[in-house]
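Quick mapping for you: the protein sequence lines, in order, are chains R, C and L.
Residue numbers for the first sequence follow the working numbering, beginning at 1 and rising by one.
Residue numbers for the second sequence follow the working numbering, beginning at 1 and rising by one.
Residue numbers for the third sequence follow the working numbering, beginning at 1 and rising by one.
Simulated from the structure, these hints should not be mistaken for lab results.
The structure displayed is predicted, hence computed values, not measured ones.
All the given hints hold, so there is nothing to weed out.
Calculated cross-link-like contacts (lysine to aspartate or glutamate; reagent style DMTMM-like; alpha-carbon spacing at most 25 Å):
| # | chain 1 | residue 1 | chain 2 | residue 2 |
| --- | --- | --- | --- | --- |
| 1 | C | K184 | C | E215 |
| 2 | C | K18 | R | E139 |
| 3 | R | K229 | C | E382 |
| 4 | R | K147 | R | E196 |
| 5 | C | K542 | R | E23 |
| 6 | R | K229 | C | E379 |
| 7 | R | K92 | C | D275 |
| 8 | R | K2 | C | E387 |
| 9 | L | K105 | R | D116 |
| 10 | C | K299 | C | D360 |
| 11 | L | K206 | R | E231 |
| 12 | C | K253 | C | E610 |
| 13 | C | K2 | C | E610 |
For reference, the chains in residue letters:
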Amino acid sequence: MKLILHIWRQKDRQSPGKMVRYEVQNVNEHMSFLEMLDVLNEDLIARNQDPVAFDHDCREGICGSCGFMINGVAHGPQRGTTVCQLHLRHFKDGQELWLEPWRARAFPVLKDLIVDRSAFDRIIAAGGYVSINTGGAPEANSLPVEKTKADLAMDAAQCIGCGACVAACPNASASLFTAAKISHLALLPQGEAERERRALNMVAQMQAELFGACTNHGECEAVCPKGIKLENIARMNREFVQAACLHREPARETGGA
Amino acid sequence: MKLDARIPAGPIEQKWDKLKFDMKLVNPANKRKYKVIVVGTGLAGGSAAASLGELSYNVEAFCYQDSPRRAHSIAAQGGINAAKNYQNDNDSVFRLFYDTVKGGDFRSREANVYRLAQLSVNIIDQCVAQGVPFAREYGGLLANRSFGGAQVSRTFYARGQTGQQLLLGAYQALERQVKAGTVKMFPRHEMLELVVIDGRARGIIARDLVSGEIEPHVADAVILATGGYGNVFYLSTNAKGCNTTAIWRAYKKGAAFANPCFTQIHPTCIPVSGDYQSKLTLMSESLRNDGRIWVPKKKEDTRPPSQIPEEERDYYLERMYPAFGNLSPRDIASRAAKRVCDEGRGVGPGGRGVYLDFADAIRRLGRQTITERYGNLFEMYERITGEDPYRVPMRIFPAVHYAMGGLWVDYHLMSTIPGLFVLGEANFSDHGANRLGASALMQGLADGYFVIPYTLGNFLAGVKPGDGITADHAEFAAARRAVEERLRRLLAIQGKRTVDSFHRELGHIMWEDCGMSRHRKGLESALGRIRALRGEYWQNVKVVGEEAEINQALEKAGRVADFLELGELICRDALERKESCGAHFREEYQTPDGEALRNDAQFAHVAAWEYAGENASPIRNIEPLEFEYVHLAQRSYK
Amino acid sequence: MTTVAINQEAERTITFYRSVVGKKVMMAVTGFLLFGFIVMHLIGNLLIYLPKDSHGQWPIDVYSAQLHAIPELLWSARIILLVAVILHIIAAWQLSVLNKLEARKQGYVRWTPVASSYASRTMVWSGPIILLYVIYHLLDLTFGAFNPGFEFGQVHRNIVASFTRPPVAAFYIIANLCLAFHLYHGLWSMCQSVGIAHPRYTPVLKIASKVIAVAIGIGFCSIPLAVLSGLVR
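Extracted from the complex, chain R is given alone in its bound form (with noise of 0.2 Å):
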């Protein structure tokens, strides 16, 4: 089968970029999506073209390195699904598709498709973890977890950090990414001593980055390889409500002896 293809192309974060049309010739409906770009690539590479450069990594939609909207959409036509699992099974000969990189302010563009989604490693590291040291953990079944709780927890912690929730945003935001974390921790006993801390740091350094506000528009879970639900979002401003009324200044440590 064939396809035609607009890609966007932009050599470095500070150069404009543009649309160019790509025809790939010879390809099955048995590739993946990346496949595909692959066989452009080597194409390109035969005619002394820069081939179009692209994140991706594991190549089974877990590492979440992979992205960009095939016509408008994050990851592409298939639900559940990132780009490097997505067959061409799903278009037509012929087709012709639209390929852009993930559009944030908070997301500069590095290359072509490639974006800088440094800042989710930022808002995790405001909060997104148990503070706990190594060897300093107690006896593991010491501490039941609610299966259903524990289940949950898991449903938010699939979370690839793909970035696609913010793609599809109309307004650019993260909140999924950061709801997912703030619901994994505290949906689960260990994350409940820094549970304030966490909503209020999260969501601040989400602001931070620049991320837009959520107005429940609902694209994010839309386009969610991992099916992460809205659910957490509420979850996340619950726990942000809470924290911002209820939360105390710890004590100041005085020095021992």
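Please arrange chains C and L on chain R, whose structure you already have, making use of the hints.
Frame of chain R; chains C and L shown alone:
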């Protein structure tokens, strides 16, 4: 080369405790003065960087991905072993140790494996405390399952995404240290050279993959946790970016490379569907708990599976290995699949596949239960193949998965270069000739959380922080020049063939002649062909683009150049190991019924290869292995 | 001591409001107050369909008189509503600047909605239209500025006088369709913003929001149509 494994004296249960007490400590106030480089941020590297940061060492962590959270540990599906004996099924540290040594076909170091089994229990405690959402029973306690080749339920899991959850735990701990300022993170950086000064590892040369800048980084110790080299086969279950460059550079600077030919082939992967294929996808081994593996009894039977009656099916694993059946260890299951396909009884396009059938399990347990257990795996299979495994049996075939071999390390996880430590899949230490399911995650985390924080301290306590070395040192300048020249050379060749076409060809040679089964002739021919291919590579490869930009073709070109050298070493190691053991199967050395035939008299040792220069053959050093606690015996899963 | 505490509380409020979540909570709470008003207002308005009572008075006029009977109450309500409107608008303005102008400087060449509703994407337009209408509506029926022959307290008469002019009726209908759209997304959205969500109740809540929004739209729009068609005279 002298290989001193530095195994502490005393009974095996006490070795680690004794060593811990004997080791020197670094004054807490001095820790921040020591700079430690960690390359790779998977389970081993991520957990090491976080733990060392917590101890307040001055850590710099590097990864080629855009975030430490993306390391390929994330793709591990099945689970992590730990000798907790929560199921009261008579598991113990000793049993996990025993199983691992036996599963590794007696080619691993007893002391290391015992320590791994001991630490396994701490890992679970640590991860649970971090908030890793392991599967739970209704009573709220942790759930276990049995996993590939184990007769006890000791595997902890988080749906089919255990690696992801464990890695996110380590990643979160790492980001906490980034925030605390003890760890400085360098994402989108690739280590291209190791710098050795006065016989000690003193830093690395890294390329900033965004700006293309070549940067020297000085340290008091370097930790490599850069994973496995399975991509030397081109098609593997590894991530596209997984490479050997870091450990290969270290090898060329004097670190011994141990048992490179021990590469594990995983039995349950989705078969290759065409030449364009860029990677192989693993289906968790846990599927073998309920799925039954079969092929038609008749050769070249092209009937759809539903039309092949029960009596014309060969459930070959159940037939050949009645005790373990579909749960036989990976190497055995893989070879059996190859054998039936070689007989012409393989299924699917090209005849390279066997059925993994859930019809019985669905009948017995109901579709609901199967969905609960394997729902996400079934979905993944359908996404990739377009077939519904609830109705049609899955087709699976073995694929390259894990490298048991790697840089040689002693009991302290230090390589033959002082100050260079190697953790996780990048080292060779714990899995011998074959790794058991759910043991890789265990090893990565044991190394990173619980071994390196102590052994690194012991090393650093013996050296002065900084020691007056800066990035201006002549060795740094030379290493940097070498890196730049190499990159420029790759860009200047401007030949006719793309990097991928060379990589594919290398992979083909490796898979055909150094894959699931190997023989002398094939290996000798492979050695010649790899050498020729490498010669052509440096004449005819085509890399477009520039040095000072994001250039994914250039990144690949450097990695494949190293694979072309490693491939040769793997074949050489396979050729020299004149026995069959674990994943290494030499056709010349097998029992009459086709099982691996070990030669303990001559090969109960680690082969540690030493680089001897560009035009010299590498030197094969030997570390003899002694088995005091697990007695050498032929593995039998019948 | 007290000053510190007060400052801390002030600081806390500011921090809360500064966050995007805080602003959304503000929108939800003020939105809820306004929604309450709308429901009451609609119930009041629907009295227009009742015939004159035994004293020969329109029930809607009586109701209006009762509302005006206690000025303190009336003005308290008016002030609360006015503050709510202002806060709702300020928060909306600030969020829109962030969302539409700041967070994504360069837009997509192609963008295809997958899950969002037309209503949710047009909140930023339906809101201002409603605002413009409310201003006109107050001038028309509360202050009588645009109403031909306005008589204070003669609500029935004033309404009929206003809506017999087709352009005014049309404006009213458009504005109330906007209101229905606004509520269509807003009602469920405000629950989500303050953190009310549960897999069992959220779907019900979403449907209920839509039903209520449609009912409110129909309720309001029926009045000018009734006037124009001569049903209410």
